[in-house]
Structures are given as C-alpha cells and as structure tokens.
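Chains as they are written, first to last, in my numbering: chain A, 1 to 110; chain B, 1 to 112.
Just so you know, the hints here were simulated from the structure itself, not pulled from any lab data. Each residue gets a CB set at the ideal place from its N, CA and C atoms; glycine is no exception. Treat the hints with caution; some may be incorrect.
To be verified - Each computed BS3-like pair below joins lysine-lysine, with the alpha-carbon atoms no more than 30 Å apart:
1. Lys57(B) x Lys45(A)
2. Lys78(B) x Lys79(A)
3. Lys79(A) x Lys109(A)
4. Lys79(A) x Lys57(B)
5. Lys57(B) x Lys78(B)
6. Lys42(B) x Lys45(A)
7. Lys57(B) x Lys109(A)
8. Lys83(B) x Lys42(A)
9. Lys83(B) x Lys109(A)
10. Lys57(B) x Lys2(A)
11. Lys42(A) x Lys2(A)
12. Lys83(B) x Lys57(B)
13. Lys45(A) x Lys83(B)
14. Lys42(A) x Lys109(A)
15. Lys2(A) x Lys83(B)
16. Lys109(A) x Lys45(A)
17. Lys79(A) x Lys42(A)
18. Lys83(B) x Lys42(B)
19. Lys2(A) x Lys78(B)
20. Lys42(B) x Lys57(B)
21. Lys45(A) x Lys79(A)
22. Lys79(A) x Lys83(B)
23. Lys2(A) x Lys45(A)
24. Lys109(A) x Lys78(B)
25. Lys78(B) x Lys42(B)
Stated by the list, open to error - To give an idea of the interface, some chain A residues facing chain B are shown, with a C-beta separation under 10 Å as derived from the structure:
26. Gly9
27. Pro10
28. Pro14
29. Ser30
30. Ser32
31. Phe34
32. Glu43
33. Lys45
34. Leu46
35. Ser53
36. Val89
37. Gly94
38. Gly95
39. Ala102
40. Phe107
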Amino acid sequence: RKEVEQDPGPFNVPEGATVAFNCTYSNSASQSFFWYRQDCRKEPKLLMSVYSSGNEDGRFTAQLNRASQYISLLIRDSKLSDSATYLCVGAGTGGFKTIFGAGTRLFVKA
Amino acid sequence: EPEVTQTPSHQVTQMGQEVILRCVPISNHLYFYWYRQILGQKVEFLVSFYNNEISEKSEIFDDQFSVERPDGSNFTLKIRSTKLEDSAMYFCASSPSSYEQYFGPGTRLTVT
C-alpha cells in the first residue's frame, strides 16, 4: 500500500459546485497532515493543516479520520481559480519526513 | 511577505558533472528541506535539515547527494556526479516549526 494515496481525478466541476477529495494514508505517515495545492509547473503552496477536530478556512474544510486513516478536503462554491492539483501530505513524528500523495487534478469550468 | 528563493531557475549540465542548487530559506525558519519532482510525477522527499545536521533522508538521497548550510542564509544541495535520471524540478522548503512548509519556486535541472 502506498504511504499516501489519492484519486488522481481529474474532477471536472462547474463554477459554484461543491467538490470533495479523499486521501488515505498508511501508518508511516501518520502524525500530521496537510493539503497543498500545486499549479502547473509551480511549487506546492500550503492550503491548510488538517486536524482531528476538523478545520475550516473560508470555502475550504478539512477533516481527519484517524480510525479509518483518511483525510478529506471539501471545497464549496468552486471558483475558476481553484483549478489546480491538490496534494495530500503526511508527516511522520517530528515532521522531518514528509510524504506527498500524487495529487488530485481539479478543473473548474465556467 | 517573506518567501523562499532558489537559484538558478534552470540548470543544464552534462552527465557526470557536479551541480550545486542554492536556496535562501525564510529568515526566521529553522527547518529546511529538499524535494524533487520528476516531470509528471509526484513530489518526492529527499532530505530534512535542522540544527546544522540532517534530520531525515530518503532512499533517493544516496552518496551522490549532500546538503550544506554554509552561512546563516544559504542552504545548498550538491549532486556530485549527475545522471540522466536526476533531471527533475528540485524544490527547497523551509518551516518555522517542522510542520507547515513553504516552498521556493524550484530549480529545473536538465542533465544531458
């Protein structure tokens, strides 16, 4: 089993839609979790950390389910500018080793 | 807003040559990382660095790779004898706390 696994997509959604991504992880990347976004040929940019209690930042909501070993990201009211690859990231103890998922492509269309 | 910078943006080198990729992390950050991303593939962890020493490294980070923080601002990745398969985008990242990381724009390395 891959350490951090994501559905590659692509997800094609209209503007204004709600879209959800899931990510599963194995025990070796099981301490801290994050969502990053990556635009084509650019660096990953931190979107949000993921907490067990769930956290929300504007239109974005992240959840962590440790019992089932999955992380989710919900984007409400999608904008054209949300089109990107969303990377699920897990870090081991101390945060020194970070494992990236392969990413989920999102296309938001007018 | 402070940001991580990397130079050069693109490096072309011949197989067998040594390259040094340079990064200037955000000034008050204490944790530093190198990643690579082969075109069309996922971001791969290479190494983390804290308190002037390597904290963790991946299987990719073999003897041809080394990292250094030669002064208070730069963080470098050296590849001793480049191979064709080293062609990739190399990202540097820094973090104030070893968790949330901020990435530089990357150096595209092309080995011919």
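Evaluation of the provided hints:
1. Straight-line distance between C-alpha atoms of Lys57(B) and Lys45(A) comes to about 22 Å, which keeps the hinted pair within the 30 Å bound.
2. Between Lys78(B) and Lys79(A) the alpha-carbon distance is near 41 Å, which puts this suggested pair outside the 30 Å criterion.
3. Distance check on the hinted pair: Lys79(A) and Lys109(A) sit about 8 Å apart at the alpha-carbon level, within 30 Å; holds.
4. About 38 Å separates the Cα atoms of Lys79(A) and Lys57(B), which puts this hinted pair outside 30 Å; it is violated.
5. Distance restraint check for Lys57(B) and Lys78(B): the Cα-Cα separation of roughly 14 Å lies within the 30 Å cut-off, and the hinted pair is therefore satisfied.
6. Simply put, Lys42(B) and Lys45(A) have alpha-carbon atoms about 14 Å apart, close enough for the 30 Å limit, and the pair holds.
7. Taken as a hint, the Lys57(B) and Lys109(A) pair is broken in the structure, with Cα atoms around 40 Å apart against an allowance of 30 Å.
8. Taking the CA atoms of Lys83(B) and Lys42(A), the gap is near 24 Å; set against the 30 Å cutoff, the hint holds.
9. Simply put, Lys83(B) and Lys109(A) have alpha-carbon atoms about 41 Å apart, too far for the 30 Å limit, and the pair is violated.
10. Restraint check for Lys57(B) and Lys2(A): the C-alpha separation of about 18 Å stays at or below 30 Å, so the hint holds.
11. Only pairs whose Cα atoms come within 30 Å are accepted, and Lys42(A) paired with Lys2(A) is accepted, the gap being roughly 24 Å.
12. For the proposed pair Lys83(B) and Lys57(B), the alpha carbon gap of about 20 Å is at most 30 Å, so the pair holds.
13. Restraint check for Lys45(A) and Lys83(B): satisfied, since their Cα atoms lie roughly 29 Å apart, inside the 30 Å limit.
14. For the given pair, Lys42(A) sits about 21 Å from Lys109(A) by alpha-carbon distance, which is consistent with the 30 Å threshold.
15. Proposed proximity of Lys2(A) and Lys83(B) is supported: the alpha carbons are some 26 Å apart, at most 30 Å.
16. Restraint check for Lys109(A) and Lys45(A): satisfied, since their Cα atoms lie roughly 22 Å apart, inside the 30 Å limit.
17. Restraint check: the Cα-Cα separation between Lys79(A) and Lys42(A) comes to about 19 Å, which is no more than 30 Å; the hinted pair holds.
18. At most 30 Å may separate the alpha-carbon atoms for a hinted pair to count; Lys83(B) and Lys42(B) meet this at roughly 19 Å.
19. The straight-line distance between the Cα atoms of Lys2(A) and Lys78(B) is roughly 29 Å, inside the 30 Å bound, and the hint therefore holds.
20. For the given pair, Lys42(B) sits about 17 Å from Lys57(B) by alpha-carbon distance, which is consistent with the 30 Å threshold.
21. Between Lys45(A) and Lys79(A) the alpha-carbon distance is near 17 Å, which keeps this suggested pair within the 30 Å criterion.
22. Taken as a hint, the Lys79(A) and Lys83(B) pair is broken in the structure, with Cα atoms around 42 Å apart against an allowance of 30 Å.
23. The suggested pairing of Lys2(A) with Lys45(A) holds, with an alpha-carbon distance near 23 Å, which does not exceed 30 Å.
24. The suggested pairing of Lys109(A) with Lys78(B) is violated, with an alpha-carbon distance near 42 Å, which exceeds 30 Å.
25. As the CA atoms of Lys78(B) and Lys42(B) are separated by approximately 21 Å, the hinted pair is consistent with the 30 Å bound.
26. Interface hint status for Gly9(A): violated, as the beta-carbon distance to the closest one in chain B is roughly 14 Å, over 10 Å.
27. With a cut of 10 Å, the hint placing Pro10(A) at the interface with chain B is violated, because the nearest CB-to-CB distance is about 14 Å.
28. The criterion of a C-beta within 10 Å of any C-beta in chain B is not met by Pro14(A), whose closest approach is roughly 27 Å, and the hint is violated.
29. Taken as an interface hint, Ser30(A) does not check out: its beta carbon lies about 14 Å from the nearest beta carbon of chain B, beyond 10 Å.
30. The closest approach between the C-beta of Ser32(A) and any C-beta of chain B is roughly 5 Å, which is under the 10 Å cut-off, so the hint is satisfied.
31. Annotation: Phe34(A) was flagged as interfacial toward chain B, and the flag holds, the nearest CB pair being 7 Å apart, inside 10 Å.
32. Look at Glu43(A): its Cβ gets to within about 4 Å of chain B, closer than 10 Å, so that hint holds up.
33. Using the Cβ-Cβ criterion of 10 Å, the hint placing Lys45(A) at the interface with chain B is satisfied: the shortest such distance is roughly 7 Å.
34. Interface restraint check: Leu46(A) against chain B, minimum CB-CB distance 6 Å, threshold 10 Å, status holds.
35. The closest approach between the C-beta of Ser53(A) and any C-beta of chain B is roughly 16 Å, which is over the 10 Å cut-off, so the hint fails.
36. With a least beta-carbon distance of about 8 Å to chain B, the hint placing Val89(A) at the interface is held under the 10 Å criterion.
37. Given hint, Gly94(A) at the interface with chain B, holds; its Cβ is 6 Å from that chain's nearest Cβ, closer than 10 Å.
38. Below 10 Å, beta-carbon pairs count as interface contacts, and Gly95(A) has one with chain B at about 4 Å; its hint therefore holds.
39. This hint holds: Ala102(A) has a C-beta 4 Å from the nearest C-beta of chain B, less than the 10 Å allowed.
40. With a least beta-carbon distance of about 17 Å to chain B, the hint placing Phe107(A) at the interface is violated under the 10 Å criterion.
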